[in-house]
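Novice: Those protein sequences? They're chains A and B, same order as listed. For the first sequence, numbering that gives the first Met the number 0 gives the first residue as 0, with consecutive numbering after it. For the second sequence, numbering that gives the first Met the number 0 gives the first residue as 0, with consecutive numbering after it.
If you're looking for bench data, these hints aren't it; they were derived computationally from the structure. There could be a bad hint or two in this list.
Here are the computed lysine-lysine pairs in the BS3-like style, where the Cα-Cα straight-line distance is at most 30 Å [said to hold, decoys possible]: (1) A:K222 - B:K17; (2) A:K166 - A:K141; (3) A:K222 - B:K43; (4) A:K196 - B:K17; (5) B:K43 - A:K228; (6) B:K17 - A:K101; (7) A:K229 - B:K43; (8) B:K20 - A:K196; (9) B:K43 - A:K196; (10) B:K89 - A:K196.
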Amino acid sequence: MALSLLGRKVGMTRVFNDAGVNVPVTVLALGPCVVTQVRSKEKDGYTAVQIGFEEIKARRSTIPVIGHDAKAGVGPQRVHREFRVEEKDAGNYSLGQALTVKDFAGTLFVDVIGTSKGKGFQGTMKRWHFKGQYASHGTERKHRSPGSIGSLCSNRGFGGGLAKGKKMAGHMGAVRRTCRSLDIVRIDEANNLLLVKGSVPGANTGIIEVRPAIRLYRGKAKKVADAAKK
Amino acid sequence: MSQSAKSQQSILESVNTKVLKSDLPALSIGDTINVHNRIVEGDKERVQVYQGVLIARAGRGMTDMITVRRVVDEVGIERVWPVNSPLIAKIEVLRHGDARRSKLYYLRDRVGKSRRLRDRRRGLKNIEVPGETKHAPAAPAASTEPAKQ
Numbered sequence: 000m001a002l003s004l005l006g007r008k009v010g011m012t013r014v015f016n017d018a019g020v021n022v023p024v025t026v027l028a029l030g031p032c033v034v035t036q037v038r039s040k041e042k043d044g045y046t047a048v049q050i051g052f053e054e055i056k057a058r059r060s061t062i063p064v065i066g067h068d069a070k071a072g073v074g075p076q077r078v079h080r081e082f083r084v085e086e087k088d089a090g091n092y093s094l095g096q097a098l099t100v101k102d103f104a105g106t107l108f109v110d111v112i113g114t115s116k117g118k119g120f121q122g123t124m125k126r127w128h129f130k131g132q133y134a135s136h137g138t139e140r141k142h143r144s145p146g147s148i149g150s151l152c153s154n155r156g157f158g159g160g161l162a163k164g165k166k167m168a169g170h171m172g173a174v175r176r177t178c179r180s181l182d183i184v185r186i187d188e189a190n191n192l193l194l195v196k197g198s199v200p201g202a203n204t205g206i207i208e209v210r211p212a213i214r215l216y217r218g219k220a221k222k223v224a225d226a227a228k229k
Numbered sequence: 000m001s002q003s004a005k006s007q008q009s010i011l012e013s014v015n016t017k018v019l020k021s022d023l024p025a026l027s028i029g030d031t032i033n034v035h036n037r038i039v040e041g042d043k044e045r046v047q048v049y050q051g052v053l054i055a056r057a058g059r060g061m062t063d064m065i066t067v068r069r070v071v072d073e074v075g076i077e078r079v080w081p082v083n084s085p086l087i088a089k090i091e092v093l094r095h096g097d098a099r100r101s102k103l104y105y106l107r108d109r110v111g112k113s114r115r116l117r118d119r120r121r122g123l124k125n126i127e128v129p130g131e132t133k134h135a136p137a138a139p140a141a142s143t144e145p146a147k148q
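Start from the sequences, fold in the hints, and give me the full structure.
Specialist: In structure tokens:
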């Protein structure tokens, strides 16, 4: 089932699995999210479900958002996201319906989307993993510089200027990033917590979006297939 | 509904509290300890006791790790465990060693008698004559034999 939930990153810790093996996990506090709009093929041209997360004070919101969310019978929400659903599944969702981590039951792997931590203006070595120049052998004040950024020859095909997208120093981080196919370690329905294996983008308390994994490599796909057989 | 950093911390703690062990003895660096570790072979489970000197402890709470060193046939073995691991059934303190630093990595370079740690002595009696112990570091009065089979 297509599904997406919004929440916040709580932080990392570790849990011990049944075999006693230490598993690094990130704790995510998800939802409860509320369905704020159901988009239909007739009206919008596609079927999707829009969800909202975290009610905020009306005076911190805007009139259009307040009005929009009032249709679902809830106060203004901090974040809204949409996820596409099959036309036949659209009937499962209704305005004001609450979505919780319970809906992830049975899911083995999820994608976690967040905004990575901002790193500021960074050089090519940190930003693009360039190697820099020699430490010695006569190198002066150029140890971390990117080196040549092209020649007349290499740029000839690009209209005389530098190639677009040339990796250079610049602002790094604070962009939307997706961590794919993270293992679900535990679902805590009582506290609306989801524990996933490994790290997720962004700082603690950052807003994150979680959806069932849309692409799995062979090993994980097999696990999903085996679980489905049972 | 927005969550402050403090409540975030309390959520993390609520995840951890069930796993954290409350029955641990007070461990200090230099102690000779017995670590009872569970070993699962197939469906059978048995407990193996590993005896050695606690030479390092790192981390707090869930990340609390202990390093236990023992010497078997002149070959040093160091094992590192998370203290809260369910694979550790029990930890017993056999002897308190006198350690003056928090990481006893110098024991790795020691051979023979110098490998031993002096017993920790406590109480008023020892406070009154601290000079004695200071001037005689090479001759431990009550020496211990850590991890000897």
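Novice: Against this structure, judge whether each hint is valid.
Specialist: Results for each hint:
1. Pair hint A:K222 plus B:K17 holds up; C-alpha atoms about 29 Å apart against a cutoff of 30 Å.
2. For the hint pairing A:K166 with A:K141, the CA-to-CA distance comes to about 17 Å; that is within 30 Å, so the pair holds.
3. Note on A:K222 and B:K43: the hinted pairing holds, with a Cα-Cα distance of about 26 Å set against a maximum of 30 Å.
4. With a CA separation close to 19 Å, the supplied pair A:K196 and B:K17 stays within the 30 Å bound.
5. As the CA atoms of B:K43 and A:K228 are separated by approximately 29 Å, the hinted pair is consistent with the 30 Å bound.
6. Taken as a hint, the B:K17 and A:K101 pair is honoured in the structure, with Cα atoms around 21 Å apart against an allowance of 30 Å.
7. Our distance criterion of 30 Å between C-alpha atoms is met by A:K229 and B:K43, whose separation comes to about 26 Å.
8. Between the alpha carbons of B:K20 and A:K196 the distance comes to roughly 23 Å, so the proposed pair stays at or under 30 Å and holds.
9. With a CA separation close to 29 Å, the supplied pair B:K43 and A:K196 stays within the 30 Å bound.
10. Restraint check for B:K89 and A:K196: satisfied, since their Cα atoms lie roughly 28 Å apart, inside the 30 Å limit.
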